[in-house]
Amino acid sequence: MAAAAPPPPPSAAPEPSMAAPETTPIGHPVFTRIRLATPSDVPFIHKLIHQMAVFERLSHLCSATESSLSSNLFLSPPFHSFTIFLLELSSSPIPPLLSPSPSFTPIEKTFNFEIPVNDPEKDAFSIYYGDQQVIIGGFVLFFPNYSTFLGKPGFYVEDLFVRECYRRKGFGKMLLSAVAKQAVKMGYGRVEWVVLDWNVNAITFYEQMGAKVLPEWRICRLTGDALQAYQNANV
Amino acid sequence: MAAAAPPPPPSAAPEPSMAPPETTPIGHPIFTRIRLATPSDVPFIHKLIHQMAVFERLTHLFSATESSLSSNLFLSPPFHSFTIFLLELSSSPIPPLLSPSPSFTPIEKTFNFDIPLNDPESDAFSIYYGNQQVIIGGFVFFFPNYSTFLGKPGFYVEDLFVRECYRRKGFGKMLLSAVAKQAVKMGYGRVEWVVLDWNVNAITFYEQMGATVLPEWRICRLTGDALQAYQNANV
Numbered sequence: 001m002a003a004a005a006p007p008p009p010p011s012a013a014p015e016p017s018m019a020a021p022e023t024t025p026i027g028h029p030v031f032t033r034i035r036l037a038t039p040s041d042v043p044f045i046h047k048l049i050h051q052m053a054v055f056e057r058l059s060h061l062c063s064a065t066e067s068s069l070s071s072n073l074f075l076s077p078p079f080h081s082f083t084i085f086l087l088e089l090s091s092s093p094i095p096p097l098l099s100p101s102p103s104f105t106p107i108e109k110t111f112n113f114e115i116p117v118n119d120p121e122k123d124a125f126s127i128y129y130g131d132q133q134v135i136i137g138g139f140v141l142f143f144p145n146y147s148t149f150l151g152k153p154g155f156y157v158e159d160l161f162v163r164e165c166y167r168r169k170g171f172g173k174m175l176l177s178a179v180a181k182q183a184v185k186m187g188y189g190r191v192e193w194v195v196l197d198w199n200v201n202a203i204t205f206y207e208q209m210g211a212k213v214l215p216e217w218r219i220c221r222l223t224g225d226a227l228q229a230y231q232n233a234n235v
Numbered sequence: 001m002a003a004a005a006p007p008p009p010p011s012a013a014p015e016p017s018m019a020p021p022e023t024t025p026i027g028h029p030i031f032t033r034i035r036l037a038t039p040s041d042v043p044f045i046h047k048l049i050h051q052m053a054v055f056e057r058l059t060h061l062f063s064a065t066e067s068s069l070s071s072n073l074f075l076s077p078p079f080h081s082f083t084i085f086l087l088e089l090s091s092s093p094i095p096p097l098l099s100p101s102p103s104f105t106p107i108e109k110t111f112n113f114d115i116p117l118n119d120p121e122s123d124a125f126s127i128y129y130g131n132q133q134v135i136i137g138g139f140v141f142f143f144p145n146y147s148t149f150l151g152k153p154g155f156y157v158e159d160l161f162v163r164e165c166y167r168r169k170g171f172g173k174m175l176l177s178a179v180a181k182q183a184v185k186m187g188y189g190r191v192e193w194v195v196l197d198w199n200v201n202a203i204t205f206y207e208q209m210g211a212t213v214l215p216e217w218r219i220c221r222l223t224g225d226a227l228q229a230y231q232n233a234n235v
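As you go down the protein sequences, you meet chains A and B in turn. Final position of the first sequence in the numbering used here is 235; the numbers increase by one with none missing. Final position of the second sequence in the numbering used here is 235; the numbers increase by one with none missing.
Rather than coming from a laboratory, the hints here were simulated on the basis of the structure. Careful: at least some of the hints might be erroneous.
As the list claims (entries may be wrong) - Derived coverage of chain B by chain A (criterion: at least 3 residues anywhere in the stretch with Cβ under 8 Å from a Cβ of chain A; other residues may be distant):
{"hint": "1", "stretch": "33-44"}
{"hint": "2", "stretch": "87-95"}
{"hint": "3", "stretch": "108-118"}
{"hint": "4", "stretch": "124-132"}
{"hint": "5", "stretch": "173-180"}
{"hint": "6", "stretch": "204-213"}
{"hint": "7", "stretch": "224-231"}
Claimed, not checked - Heads up, simulated DSSO-like pairs for lysine-lysine below, C-alpha to C-alpha not over 27 Å straight-line:
{"hint": "8", "chain 1": "A", "residue 1": "Lys212", "chain 2": "A", "residue 2": "Lys152"}
{"hint": "9", "chain 1": "B", "residue 1": "Lys109", "chain 2": "A", "residue 2": "Lys47"}
{"hint": "10", "chain 1": "A", "residue 1": "Lys185", "chain 2": "A", "residue 2": "Lys109"}
{"hint": "11", "chain 1": "A", "residue 1": "Lys109", "chain 2": "A", "residue 2": "Lys152"}
{"hint": "12", "chain 1": "B", "residue 1": "Lys152", "chain 2": "B", "residue 2": "Lys109"}
{"hint": "13", "chain 1": "B", "residue 1": "Lys152", "chain 2": "A", "residue 2": "Lys152"}
{"hint": "14", "chain 1": "A", "residue 1": "Lys152", "chain 2": "B", "residue 2": "Lys47"}
{"hint": "15", "chain 1": "B", "residue 1": "Lys185", "chain 2": "B", "residue 2": "Lys109"}
{"hint": "16", "chain 1": "A", "residue 1": "Lys47", "chain 2": "A", "residue 2": "Lys152"}
Claimed, not checked - Here are the in silico distance ranges between beta carbons for each label pair:
{"hint": "17", "chain 1": "B", "residue 1": "Asn232", "chain 2": "A", "residue 2": "Ala233", "range": "29 to 39 Å"}
{"hint": "18", "chain 1": "B", "residue 1": "Pro95", "chain 2": "A", "residue 2": "Lys47", "range": "49 to 59 Å"}
{"hint": "19", "chain 1": "B", "residue 1": "Thr65", "chain 2": "A", "residue 2": "Glu216", "range": "22 to 32 Å"}
{"hint": "20", "chain 1": "A", "residue 1": "Lys109", "chain 2": "B", "residue 2": "Pro43", "range": "30 to 40 Å"}
{"hint": "21", "chain 1": "A", "residue 1": "Gly224", "chain 2": "B", "residue 2": "Gln133", "range": "12 to 22 Å"}
{"hint": "22", "chain 1": "A", "residue 1": "Gln132", "chain 2": "B", "residue 2": "Leu196", "range": "47 to 57 Å"}
Each residue gets a CB set at the ideal place from its N, CA and C atoms; glycine is no exception.
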């Protein structure tokens, strides 16, 4: 994955902590929803991608603009090309979408946290449904790939990113699980992504999700000037 | 790549051998063409994929059928989803296509070989344009991917396969170059694929084409029962 938020260390409980009923007052519920991104979400997506680039120390390589995103995403029906799931969070139940996509029913889940989540950037990542403030907490970007051996498509996950204040609470797992569930629903054969070989935390997270790290395959990349050289190649 | 025909060793001339004019009679010209596959090519594609599975010793993993191929390929315009270039060869100039795709002008190239090519399976891989026999020699299978950092699509090459009797003559390079050229034409940012880390010949071939092998990234794959488990996951 281009950016995997570092997962909880193996010994930490992967589930959000539940307030023990006999000792504390009611916890802090956080209502969450995973939905398909739409063109109006492009400014948020652009900000999230830039945060991800900063996290990966690759902001010098990040040349995505709102315009390049708008012109490449949303050209095809969901799941048949580049697709983004957004994670939304709110302290109140999230109002239903006005125009839900027929292709995907949003996933809703309520978490209870012992202490409220403090989001120092919430204004930059707020959507208002009427008066209600809903915060964009992360995204997953994926698209179909194809296995000739299986004779079926799969999904390739290009990015999984949760904003810093929302990490270590199970949201990365929720986003990736949503992709896996959609793959099964569509009869797809695989969900794939990449990880850096030294990223032990991410590898552990992915293995706990049921994925295998394939040790022998390496990515080959033809890009930049070496790719441009083919423009006039005598093929 | 799921199957890379072993490339020529680094010391061999990558270009087809030309008969020196003063010593031998005219060589054996082979007319070749790269064109987009169409639904009527599915039986050839299926045979080629199966040969590739045999070459990779992965026939136990092979479950593609002509029907699964037909139902997944050709659903979208070329280059916007799963796309196949076929390599055709003939001892005479290849007749033009009756209905060429507006998206792609076939690439034609004539090779000269010192000795004629012997294809023991020519009948199974022959197409007839009128009376003329044209042989399918290989294919490349690719589809768009997306780099959020670049903000542009690229191509991912899932398969590159040249039938055994046509290897070590520059056809794999021709097929991969055709993909690279198309990527540049469309303003795409990268062409990517995978290689096994012990496949020194393939790595050399790819590096000679201008690709870089990325040493730190590993593929993660969620598939089979582990993927199916997400069907009823409480995401």
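Verification of the supplied hints:
1. 33-44: n = 1 at 8 Å, threshold three: violated.
2. 87-95: Per the Cβ count (0), the hint is violated.
3. 108-118: violated (count 1)
4. 124-132: With 0 residues closer than 8 Å to chain A, the stretch 124-132 of chain B misses the three-residue bar; violated.
5. 173-180: Contact hint for the stretch 173-180 of chain B vs chain A: holds, 4 residues under 8 Å.
6. 204-213: holds (count 6)
7. 224-231: Check passed, 6 qualifying residues.
8. A:Lys212 with A:Lys152: 19 Å, holds
9. B:Lys109 with A:Lys47: 47 Å, violated
10. A:Lys185 with A:Lys109: Between lysine 185 (chain A) and lysine 109 (chain A) the Cα gap is close to 19 Å, so the pair holds against 27 Å.
11. A:Lys109 with A:Lys152: This hinted pair is violated, its Cα atoms lying about 31 Å apart.
12. B:Lys152 with B:Lys109: Violated: lysine 152 (chain B) and lysine 109 (chain B) sit about 31 Å apart, past 27 Å.
13. B:Lys152 with A:Lys152: 25 Å, holds
14. A:Lys152 with B:Lys47: 17 Å, holds
15. B:Lys185 with B:Lys109: The hint holds at about 19 Å.
16. A:Lys47 with A:Lys152: 34 Å, violated
17. B:Asn232 with A:Ala233: 29 to 39 Å: Since asparagine 232 (chain B) and alanine 233 (chain A) have Cβ atoms about 50 Å apart, the given range 29 to 39 Å is violated.
18. B:Pro95 with A:Lys47: 49 to 59 Å: 55 Å, holds
19. B:Thr65 with A:Glu216: 22 to 32 Å: With Cβ atoms ~28 Å apart, the hint holds.
20. A:Lys109 with B:Pro43: 30 to 40 Å: 47 Å, violated
21. A:Gly224 with B:Gln133: 12 to 22 Å: 42 Å, violated
22. A:Gln132 with B:Leu196: 47 to 57 Å: At 52 Å between Cβs, range holds.
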